[in-house]
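Colleague: For reference, the chains in residue letters:
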Amino acid sequence: MKKSTLIISLVSALLLLIVPNFLKNYGIYLLTTWLVFIIATMGLNLTVGYAGQKSLGQAAFFGIGAYTVAILMKAGISFWIGLPAAALMCFVLGVILGFPALRVQTIYLAFATLGFNTAVWLVMRNEEWLTGGTFGINNIARPGLFGYSLEGNLPYYYFVLGVTVILALLLAALLRSPWGKAFTALRDNPIRAESLGVDIRTYTLLSFAIGAVYAGIAGALFASLVQFIEPAPFTVAASIMMYLMVVVGGPGYFLGPVIGSAVGVLLPEWLRFAQAWYLFIFGAAVVLLMIWLPDGLLSIPERLRARRLAKEASAARQASGLAAQQAQTAKPREVQPGEAA
Amino acid sequence: MTDFLQLFFSGLSTGAIYALAALGFTLLWQASGTINFAQGEFVMLPAFMMLAFMNMGAPILVSFALSVVLAVIVLGWLFKRGLVDPLFKYGMMPIVVATIGLSIAMRNGVRAGFSAEAHPFPSLFPDKLFNIAGVTITMADLGTFAFALVLVLITQAFIAKTVTGRAMQAVAQNTESASVLGINVPRMIFYTFAINAVLAVAAAMLVTPTYLAKFDMGESLGTKAFFAAIIGGFNNSRGALLGGLIVGVCENLAAAYISPAYKDAVALVIFMVVILFKPQGLLGKKVERKV
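Listed in order, the protein sequences are those of chains A and B. For the record, in the first sequence the residue sitting at position 316 is 316 according to our numbering, with numbers rising by one throughout. For the record, in the second sequence the residue sitting at position 22 is 363 according to our numbering, with numbers rising by one throughout.
Check each hint, because a few of them may be wrong.
Stated by the list, open to error - As a list, the in silico DSSO-like pairs of lysine-lysine whose alpha-carbon atoms are at most 27 Å apart:
1. B:K604 with B:K619
2. B:K469 with B:K555
3. B:K555 with B:K604
4. A:K181 with B:K430
5. A:K311 with A:K3
6. B:K430 with A:K311
What the hints contain is simulated information worked out from the structure, not anything from laboratory work.
Let the hints inform the model, and build the full structure from the sequences given.
Modeller: Listed below in structure tokens is the structure:
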């Protein structure tokens with residue numbers, strides 16, 4: 001790890017640990033929401049950014065995770081059983097959603113997943129016996145951990161922070177493993193990947209399933225965070241928003257979701273001063289950001305490096321050209337030994 | 342049976358509007374490989390433009406004409422130059438996200454700058470009922486259907502029969518060869534964007550009397566049009582018409598015979614079935630994979 005990276009990560013870790021102590025409840029709530037969205041979009045980044053599958057259904061898994069935990073907890077089952085259950089549920093559904101991806105790609109896949117999201121949302125809204133319909137499910141408790149209650153906002157924030165770090169480390173390990181390489185091979189050129197012996201079928205399905213598990217866990221945490229869920233946060237619009245976060249942050253960059261979620265969750269809050277216009281400004285900002293940085297915010301360092309290299313190269317070219325010119329004007333070119341012969 | 346026919350015919354007029362919006366999708370997709378997630382808002386904005394002109398006292402047809410000009414400039418030229426041209430070379434992801442951002446900005450800009458309420462919108466057609474073999478058809482339904490159908494057919498004829506239209510098709514199929522043949526590629530692509538803008542204004546004029554002018558009216562219209570375009574075949578303009586009509590009719594029938602709660606799922610179910618058996622859509626052409 002480079003020294004600068006180390007310093008930056010230490011500073012951000014300290015900030016994440018200390019800053020919430022000075023925030024009011026709403027600030028802590030926002031930060032926790034940000035973390036929850038980091039988890040969800042980390043999964044989506046795997047599906048979209050690393051494996052190259054255009055998925056617009058992430059909010060459906062987010063919702064499935066939330067509802068699974070909420071329904072199980074209402075039935076008196078512990079959060080600690082609900083969470084793995086939500087993850088498992090999303091894994092299975094993720095594999096199933098992966099199947100259309102074996103048949104269709106790009107925009108068709110985007111719409112297939114978007115359709116899946118619509119279907120899940122309709123079930124949440126209309127199947128009142130299970131989901132409470134538009135009335136939702138309220139009084140979702142926060143879990144305890146090793147005898148400590150996570151009921152307070154600050155303890156719950158630290159809990160979510162811990163989960164986020166663990167999931168980020170797991171994802172980093174996955175991406176370094178041969179699996180991670182297989183995902184990027186799938187994204188860069190599916191046919192070539194296949195010819196190199198990557199099992200496209202398995203990896204396509206896995207990219208959806210693992211991405212879905214992350215969303216499911218995020219959803220479970222979200223349910224406990226807001227303590228009341230209804231279908232609204234899990235619409236197609238939410239999926240589109242998550243996709244936007246991934247692309248704005250930088251798809252295929254490990255920290256992309258961190259920045260992207262900040263843009264999606266925190267930026268609108270900062271823009272509140274613009275009152276009725278804040279979402280207009282947000283939308284316009286996204287358009288401008290894309291035009292300026294089509295590869296996402298995290299492509300800035302790469303851009304700077306490319307610019308510096310180009311500048312250095314042109315300087316070197318100029319210098320060598322100048323040197324050659326000087327050499328030519330200074331004295332007639334000497335015949336190198338061996339050249340004449 | 343009369344009930345069925347009744348539902349069928351009113352579904353046709355809704356479907357024709359979906360077809361108009363869907364046609365815009367397929368046009369942009371063919372000409373520039375652009376998916377415009379703001380397509381629904383591209384219908385919403387002209388509705389408010391017309392409303393603004395009418396508030397200034399212009400009759401409906403005059404405000405329609407003015408809106409067409411304004412839409413071609415803003416939704417055609419500006420959209421192409423400002424958003425699509427710079428992002429074209431970066432592939433699909435940035436364009437998709439930029440148009441999503443655009444739709445958020447347009448929707449909320451209208452809400453903040455104009456109004457969050459639903460505004461009534463005058464209908465182009467007189468309030469008249471026809472009674473054919475027990476089926477009641479309103480003049481508005483009939484007129485909407487006929488008008489939309491004529492527009493779709495004219496657009497198609499333009500693309501298939503005129504020299505300009507053929508040049509546009511050539512650009513869509515192979516940009517490089519088209520430019521070698523001396524076709525002005527950027528101009529042809531601009532024509533496509535302009536036609537899309539005009540169709541959007543027409544769709545706005547037809548859809549707003551029933552749905553009222555509201556800042557978020559584009560949302561569901563956009564989604565339905567997407568599905569319609571894919572059902573029919575994304576790379577085929579005739580597919581947009583077929584897809585639109587199928588979605589409109591099935592939706593109407595499902596709302597009556599199955600459950601209004603799941604009405605919005607109809608487009609989705611048809612879409613899923615179609616994509617399962619014919620991923621390229623009912624009338625779409627298969628696209629070969631490139632290594």
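Colleague: It remains to establish, for every hint, whether it holds in the given structure.
Modeller: Hints and how they fare:
1. B:K604 with B:K619: Roughly 23 Å separates the two Cα atoms, so the pair holds.
2. B:K469 with B:K555: Measuring from Cα to Cα gives roughly 26 Å; hence the hint holds.
3. B:K555 with B:K604: holds (21 Å)
4. A:K181 with B:K430: Holds - the C-alpha atoms of B:K430 and A:K181 are around 26 Å apart, at most 27 Å.
5. A:K311 with A:K3: Holds, at roughly 25 Å.
6. B:K430 with A:K311: Holds: B:K430 and A:K311 sit about 24 Å apart, inside 27 Å.
The structure meets every hint from the earlier list without exception.
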